[in-house]
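S.K.: Throw the hints in and build the complete structure from the sequences for me.
Protein chains in written order, with UniProt numbering: chain A, 1 to 405; chain B, 1 to 405; chain C, 1 to 405; chain D, 1 to 405.
Treat the hints as calculated values from the structure; they're not laboratory data. Mixed in with the good hints there might be a few duds.
Same chains, same names: a pair is fine if it fits in one copy or spans any two.
[Stated by the list, open to error] Computed cross-link-like contacts, DMTMM-like style, restricted to lysine to aspartate or glutamate with a CA-CA straight-line distance of at most 20 Å:
{"no.": "1", "residue 1": "K231", "residue 2": "E105"}
{"no.": "2", "residue 1": "K221", "residue 2": "E132"}
{"no.": "3", "residue 1": "K102", "residue 2": "D268"}
{"no.": "4", "residue 1": "K247", "residue 2": "E105"}
{"no.": "5", "residue 1": "K101", "residue 2": "E241"}
{"no.": "6", "residue 1": "K221", "residue 2": "D189"}
{"no.": "7", "residue 1": "K102", "residue 2": "E244"}
{"no.": "8", "residue 1": "K228", "residue 2": "E299"}
{"no.": "9", "residue 1": "K222", "residue 2": "D193"}
{"no.": "10", "residue 1": "K58", "residue 2": "D189"}
Protein chains: 4
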Amino acid sequence: MLKLDFHPAGRHFLNIPGPSPVPDRLLRAMSYPTIDHRGPEFGAMGLKILSGIQKIFKTTQPVVIYPASGTGAWEAALANTLSPGDHVLMFETGHFATLWKKMAESLGIKPEFIGLPGYEGWRNGVRADMIEARLRADTKHDIKAVCVVHNETSTGVTSNIAAVRKAINAAAHPALLLVDTISGLASADYRHDEWGVDVTVSGSQKGLMLPPGISFNAVSKKALEASKTAKLPRAFWGWNEIIEMNKTGYWPYTPNTNLLYALHEALDMILSEGLDNVFERHQRLGAACRTAVQAWGLEIQCADPEVYSPVLTGVVMPDGVDADVVRRLIYERFNMSLGAGLGKAKGKMFRIGHLGETSDLSLMASLAGAEMGLKLAGVKLAGSGVVAAMEYLESHAVPALKIPV
Amino acid sequence: MLKLDFHPAGRHFLNIPGPSPVPDRLLRAMSYPTIDHRGPEFGAMGLKILSGIQKIFKTTQPVVIYPASGTGAWEAALANTLSPGDHVLMFETGHFATLWKKMAESLGIKPEFIGLPGYEGWRNGVRADMIEARLRADTKHDIKAVCVVHNETSTGVTSNIAAVRKAINAAAHPALLLVDTISGLASADYRHDEWGVDVTVSGSQKGLMLPPGISFNAVSKKALEASKTAKLPRAFWGWNEIIEMNKTGYWPYTPNTNLLYALHEALDMILSEGLDNVFERHQRLGAACRTAVQAWGLEIQCADPEVYSPVLTGVVMPDGVDADVVRRLIYERFNMSLGAGLGKAKGKMFRIGHLGETSDLSLMASLAGAEMGLKLAGVKLAGSGVVAAMEYLESHAVPALKIPV
Amino acid sequence: MLKLDFHPAGRHFLNIPGPSPVPDRLLRAMSYPTIDHRGPEFGAMGLKILSGIQKIFKTTQPVVIYPASGTGAWEAALANTLSPGDHVLMFETGHFATLWKKMAESLGIKPEFIGLPGYEGWRNGVRADMIEARLRADTKHDIKAVCVVHNETSTGVTSNIAAVRKAINAAAHPALLLVDTISGLASADYRHDEWGVDVTVSGSQKGLMLPPGISFNAVSKKALEASKTAKLPRAFWGWNEIIEMNKTGYWPYTPNTNLLYALHEALDMILSEGLDNVFERHQRLGAACRTAVQAWGLEIQCADPEVYSPVLTGVVMPDGVDADVVRRLIYERFNMSLGAGLGKAKGKMFRIGHLGETSDLSLMASLAGAEMGLKLAGVKLAGSGVVAAMEYLESHAVPALKIPV
Amino acid sequence: MLKLDFHPAGRHFLNIPGPSPVPDRLLRAMSYPTIDHRGPEFGAMGLKILSGIQKIFKTTQPVVIYPASGTGAWEAALANTLSPGDHVLMFETGHFATLWKKMAESLGIKPEFIGLPGYEGWRNGVRADMIEARLRADTKHDIKAVCVVHNETSTGVTSNIAAVRKAINAAAHPALLLVDTISGLASADYRHDEWGVDVTVSGSQKGLMLPPGISFNAVSKKALEASKTAKLPRAFWGWNEIIEMNKTGYWPYTPNTNLLYALHEALDMILSEGLDNVFERHQRLGAACRTAVQAWGLEIQCADPEVYSPVLTGVVMPDGVDADVVRRLIYERFNMSLGAGLGKAKGKMFRIGHLGETSDLSLMASLAGAEMGLKLAGVKLAGSGVVAAMEYLESHAVPALKIPV
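M.R.: In structure tokens form, the structure reads like this:
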């Protein structure tokens with residue numbers, strides 16, 4: 001029998017930047033008995049979900065839902081729009097941008113990986129000007145797609161997607177714009193239609209607050225058009241049959257019904273709170289978290305205040321401190337998980353997630369755990385980040401909260 | 001459809017001194033399908049529970065489990081041992097001692113209510129010397145029972161039960177000793193047999209971490225003997241038939257099966273952690289909480305450091321501050337419930353529960369909520385209680401926690 | 001770790017006449033985190049529940065909800081209305097009527113127990129004419145209350161409560177009418193106000209489909225008046241303080257919050273289906289079950305077709321067959337629990353519950369289990385009850401079922 | 001708020017051949033809070049699951065677990081072992097064999113689809129002799145793989161996989177053997193190693209009793225070798241990185257943690273019951289079901305008694321009866337879902353699932369629903385299948401069941 005659910009130190013604090021803590025209401029929804037995915041109740045639920053998820057992506061175009069975790073939706077975005085040997089332009093913003101590039105290579109695509117020199121790319125967002133310059137140089141239009149990450153989960157840096165769209169337009173380049181906002185969706189402002197994104201990739205286990213296991217492609221007309229001539233083999237990931245079947249609320253193959261129950265509830269929760277209220281809540285919590293880091297006298301991984309992520313904050317360790325040692329201590333002593341530094345950032349920093357259902361008090365618990373852990377690990381702190389965060393939260397009012405009964 | 005489970009400010013922080021937050025594992029256990037309370041599985045479970053609960057009371061004598069909330073077990077303790085018109089000695093330690101006295105009156109018993117003068121009784125524990133003096137004066141042995149509260153939930157003061165037993169013995173008085181440890185059990189050290197208690201009253205929704213709905217009488221041989229001549233009418237609360245049926249793991253009338261599932265799990269959790277480890281955990285958390293109150297420059301309701309409660313801490317408001325206004329602000333702004341001042345303490349103080357599953361980080365969240373709320377309510381604080389509590393927790397090591405998988 | 005939830009023979013079939021199988025929706029509702037029973041959400045929920053439960057009793061008068069199982073509500077009905085030594089008239093219809101009488105004796109009341117001679121009373125309902133005759137003879141109005149069981153859970157016989165009321169009126173006798181419909185409520189037609197009942201006693205684990213742990217007293221004006229002079233000591237069971245506090249949706253002592261969540265949902269389920277539709281559903285299922293028993297060539301415990309219970313059916317064993325041996329075989333071989341014969345009926349019969357959430361197919365499963373078990377136990381059957389029940393269900397249409405999404 | 005969980009006709013009977021009814025224990029396991037998939041608890045759980053799942057496949061070789069539903073695992077089997085343009089031999093046994101063939105075409109593989117003429121292939125299993133003949137003719141070894149379905153979910157026909165392996169060996173042909181046992185695993189006997197299968201494809205929502213969302217590839221050494229030269233592009237489905245990471249209990253990308261909780265429990269349930277006991281249980285239930293169909297005078301879809309499926313039974317309708325009309329009536333009147341005829345079988349038959357947690361009594365409920373529905377739909381039945389099935393179950397003893405507490 002699993003005993004994951006008990007720890008002498010009480011309830012676990014899951015503060016990695018995803019999976020985010022799953023609200024009890026979603027866990028309960030997942031426990032509804034599985035129904036026939038070809039029956040009438042399923043179709044009615046399917047239609048409600050498909051309509052709701054469009055609002056989350058701020059799109060009126062199709063959103064394809066995969067019964068697979070996020071990495072699959074990366075593959076889907078590439079496989080539906082590209083052909084073997086195609087050139088794509090990718091921008092190095094961190095570990096996940098790098099993994100997506102590696103995946104493109106595995107699929108036989110030729111990614112060109114540009115970015116700021118050295119470690120700088122891992123502390124800043126996408127530079128739309130560099131993309132524009134590169135596209136202008138591509139007079140033959142060899143580049144079939146521009147692929148960028150909206151919210152780099154490995155660094156806590158967002159990128160200005162509207163600016164990337166402008167850059168592509170300014171270069172009058174026909175490349176598709178593919179964006180990964182796996183960790184950004186439903187926590188950070190995102191606008192699939194307004195920003196002219198062709199394929200948006202996302203997943204369930206971040207702002208949507210579900211466990212992992214569902215992923216998404218929001219798809220523009222231009223992307224659909226591209227899929228007609230794209231030659232990468234695809235079956236499970238193929239958009240057409242799914243979009244066709246979705247018209248009646250069904251899927252061509254078995255969907256993961258119980259996670260869809262949770263998605264149904266999550267959509268109700270988020271749309272009831274109001275998507276823009278959700279964004280504001282995360283901006284405020286992100287600011288409180290950064291205030292704490294600054295009070296500790298530590299550096300924030302994101303070097304550009306314009307693109308601080310409202311989803312997570314990367315905390316840079318002083319020289320000589322192994323971030324993973326600090327994380328381990330915090331895990332063992334305070335029963336709290338923090339995100340590790342990944343790839344080039346390994347050991348240099350840790351990541352505090354403040355996405356999903358995070359609240360003032362759950363953030364304070366996390367910051368207290370981090371502050372105590374840092375001190376116990378021997379890191380010299382300039383002051384109490386906890387106190388600074390409390391001051392921020394006190395002085396930044398929240399809209400009156402109504403308790404629904 | 002109930003929407004109790006969602007709030008835009010995230011998961012609710014339940015910091016009243018009971019009901020305490022119910023661990024997920026217990027909520028899950030409660031959702032096992034109800035079984036036949038006369039079937040073989042039930043009997044096997046019943047025997048395990050009856051054996052486990054004795055360990056919690058530190059007794060080898062019978063523990064009667066009622067399918068009723070705690071107030072019922074108060075009545076049971078009186079109804080099984082006393083007759084109409086009997087004199088009992090009760091000691092005023094706070095609101096719950098007062099309510100128990102009122103109940104005795106309702107049942108036709110004659111309680112004598114002694115205590116420290118004025119409000120002092122609400123800030124101190126039972127004075128064993130006063131009890132001894134009163135019993136010595138009762139040369140005719142009119143007093144049939146001494147009734148005291150071990151952990152006053154309304155004040156955060158415990159009482160020295162061993163000292164009360166010594167006082168009774170010193171007076172060579174035959175009175176029964178009835179003790180209410182509804183909120184103390186399984187958070188604060190308690191020893192039914194060693195302390196010579198005749199009836200211990202307790203409930204499910206505090207240290208046992210269950211929802212309300214189950215209550216207990218641990219019963220000494222002397223109490224059982226008394227029940228043979230006690231004349232108060234009783235049926236539902238009668239011990240004899242229950243104790244008889246319990247021998248095979250059953251109850252004479254329908255038990256509340258699903259709460260018993262949770263009790264079964266709670267016993268496993270507590271006894272796995274080790275009852276004395278549980279007590280130590282609460283002592284440490286209580287000390288951290290009081291350190292915070294002192295750093296705020298506020299008074300602790302309990303005036304005697306010898307009997308600080310490890311279950312809850314009463315925080316006295318400065319003159320002119322209505323504690324209920326502060327509580328309301330914290331509830332609305334931070335989605336946290338604190339306990340109100342009750343009876344004579346109404347408006348003068350609030351109560352922070354740190355019982356049950358409380359951990360370092362959940363306590364920090366609660367203290368942060370309280371500190372921010374106090375400041376927003378305009379209460380002048382001497383310093384940051386949150387910082388003080390963190391320092392306490394950092395510098396007071398915990399035994400290495402093992403994660404059971 | 002409890003393993004109650006797994007059995008190599010699959011999901012358990014709980015076919016005792018209560019606790020009835022708890023619908024998943026109620027189990028999920030019970031797993032909402034416990035909230036502060038003094039907070040604003042609780043009050044709002046309390047008011048909804050108190051209003052809904054009145055509809056179930058068909059009353060506009062107070063319904064008192066106890067955080068205790070059904071036996072407690074029996075005691076409450078007596079303790080609130082009677083004084084030590086009071087005479088009451090009770091009618092022997094079976095085991096539960098007998099237990100209620102025993103309880104009255106324990107409380108110091110003087111019950112007079114009338115009924116049909118020998119075992120006949122256990123196969124028929126209350127005889128209103130006998131009650132009328134006895135009351136007419138009581139010219140001094142010594143009898144303070146008439147206590148009858150509406151649905152005898154031990155026999156599967158209902159009683160005509162309207163007729164009892166008429167009898168009391170015909171005798172122009174001032175006695176109170178106390179009725180136990182613990183197992184009848186929300187499965188069998190019941191009308192507290194129209195039938196002029198003074199106290200109706202009920203519980204949660206039958207037609208309301210909850211686990212055990214909640215019980216009820218519906219209270220008439222006359223009963224409330226009687227409570228002012230009634231002298232039996234009472235505290236936990238006292239109506240007045242509860243009714244007073246209920247005005248704002250709260251209770252004077254800790255209610256069992258998580259079972260109230262389930263009650264909230266159950267009320268929504270039953271009132272959405274329509275209470276009279278619920279009654280019709282049970283009448284139809286009861287008729288199908290009796291058709292099966294008759295096809296087996298076995299006797300139904302209830303000898304009077306006018307008062308067959310829609311809640312359960314008692315199946316009489318042929319001479320020489322021990323019903324408990326049959327039950328045990330069915331339990332072990334088919335993982336199904338049937339109700340035992342109780343008291344005078346022990347070993348002579350078993351009981352099939354068809355209350356609560358029972359449906360056509362769950363009933364067919366139960367009948368199949370019973371039929372196979374009877375045959376394996378060597379009981380000669382006249383024919384297939386399962387076939388007869390299917391024919392009944394096929395030929396008795398149900399209103400078109402709508403699936404709510 | 002979803003209301004899927006309530007229906008006036010009670011609990012839904014899900015009798016499609018997958019998803020099968022999910023046991024409550026698995027639903028509860030799925031509701032454990034999501035943990036960090038890079039933390040130590042996760043790794044420990046991962047290792048237990050990976051070891052347990054090997055036992056289910058009866059293999060000591062790697063089993064790759066995908067966070068994706070079953071169709072994905074079909075793609076994985078092909079993409080890891082084949083190159084664009086490769087010839088594969090597939091055998092038409094029904095709808096799912098046909099869909100797998102279509103998928104191969106979508107991926108750029110050249111399937112050759114052999115089988116019995118006309119509709120015969122849909123009523124019989126794979127003919128190993130035809131495969132052997134075809135392979136013998138392939139002297140150049142153009143055929144890279146033989147792909148067959150072990151348990152055709154669309155027909156209720158199993159295939160003799162050991163015979164297919166023998167055929168390949170007899171032809172001394174180097175082709176890989178790929179087998180789909182999505183619906184067979186953990187209900188029907190299956191032996192990955194002993195039968196010399198190179199890739200076995202399966203899913204979670206059938207014999208493993210989970211909701212859909214997890215799928216599997218069990219992989220032989222020879223298949224792993226083939227993957228080194230296979231040229232189909234793959235990333236998400238790639239075996240190597242997963243198998244490498246699995247050594248420590250982790251996955252290279254985010255696994256669907258909460259379904260893995262359920263898998264952990266399902267493995268415990270199945271291995272505790274004993275895998276061969278599980279097979280025996282399904283053989284017995286399948287036989288009872290077919291006995292019913294024969295008593296009705298209806299044809300079983302599977303024409304060859306040697307390969308009746310223990311997972312589901314296809315019931316052929318008499319001429320002029322639309323199976324979907326019967327299914328709809330049963331759904332609306334009895335709240336039971338049956339499987340539709342698919343592809344060539346559309347409208348001609350329906351399918352009764354008896355896989356997963358099915359028990360004697362749940363099967364009887366399903367057969368009663370089917371029998372009543374058939375009669376209400378006007379289908380003339382030769383006799384009562386329900387009676388015949390009961391006789392079968394009575395006369396075929398089961399091993400003594402032990403109730404674990």
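S.K.: Compare the structure with each hint and give your call.
M.R.: Evaluation of the provided hints:
| no. | hint | verdict |
| --- | --- | --- |
| 1 | K231 - E105 | both (15 Å within a copy, 13 Å between copies) |
| 2 | K221 - E132 | neither (23 Å within a copy, 49 Å between copies) |
| 3 | K102 - D268 | neither (36 Å within a copy, 38 Å between copies) |
| 4 | K247 - E105 | neither (34 Å within a copy, 25 Å between copies) |
| 5 | K101 - E241 | between (27 Å within a copy, 16 Å between copies) |
| 6 | K221 - D189 | neither (22 Å within a copy, 48 Å between copies) |
| 7 | K102 - E244 | between (31 Å within a copy, 17 Å between copies) |
| 8 | K228 - E299 | neither (48 Å within a copy, 45 Å between copies) |
| 9 | K222 - D193 | within (12 Å within a copy, 48 Å between copies) |
| 10 | K58 - D189 | within (10 Å within a copy, 49 Å between copies) |
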